[in-house]
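Sequential numbering from 1 applies to the sequence shown in the UniProt record's numbering.
Calculated from the structure, these hints are not laboratory results.
Hints should not be assumed to be uniformly reliable.
Derived Cβ-Cβ restraints for the label pairs, each shown as a range [what the hints assert, rightly or not]:
1. Ala41 - Glu83: 35 to 43 Å
2. Met1 - Gly67: 37 to 45 Å
3. Leu19 - Lys75: 17 to 25 Å
Only pairs whose alpha carbons sit at most 16 Å apart, straight line, appear in this in silico EDC-like list of lysine to aspartate or glutamate [as the list claims (entries may be wrong)]:
4. Lys48 - Asp64
5. Lys51 - Asp32
6. Lys51 - Glu7
7. Lys75 - Asp59
8. Lys53 - Glu80
9. Lys38 - Glu63
10. Lys51 - Asp14
11. Lys48 - Glu2
We treat Cβ as the ideally placed atom computed from N, Cα and C, and that holds for glycine.
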Amino acid sequence: MERFSYENAVTVADAVSMLKAENVSVLAGGTDILNLMKKNALTNPPRKLVKIKNIPELDIISEDAQGLTIGATTKLLYKEKREYLLRHSRR
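Based on the provided sequences and hints, a complete structural model is requested.
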């Protein structure tokens with residue numbers, strides 16, 4: 001596995017700023033990208049990973065006139081969130 005740097009974004013503005021660099025990938029809690037990097041399975045592995053898991057604004061489920069918004073780090077396993085989605089989904 002090639003060397004890479006790691007940064008922890010705590011706001012959306014932080015993440016946007018960090019992601020402007022070249023060859024950067026988002027780390028949102030899963031380890032898929034790390035596993036791929038360990039296996040050298042990426043043709044162009046990132047040189048930096050930006051963790052977005054700790055950004056509160058990305059852990060949301062909301063609905064407005066435009067539709068339903070599910071944040072990038074929302075854990076859908078939470079019972080109350082799953083129930084909210086089921087109640088508000090189009091069938």
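Against the structure, the hints:
| no. | hint | verdict |
| --- | --- | --- |
| 1 | Ala41 - Glu83: 35 to 43 Å | 37 Å, holds |
| 2 | Met1 - Gly67: 37 to 45 Å | 40 Å, holds |
| 3 | Leu19 - Lys75: 17 to 25 Å | 22 Å, holds |
| 4 | Lys48 - Asp64 | 35 Å, violated |
| 5 | Lys51 - Asp32 | 13 Å, holds |
| 6 | Lys51 - Glu7 | 6 Å, holds |
| 7 | Lys75 - Asp59 | 7 Å, holds |
| 8 | Lys53 - Glu80 | 19 Å, violated |
| 9 | Lys38 - Glu63 | 39 Å, violated |
| 10 | Lys51 - Asp14 | 10 Å, holds |
| 11 | Lys48 - Glu2 | 11 Å, holds |
Consistency note: the structure conflicts with the earlier hints numbered 4, 8 and 9.
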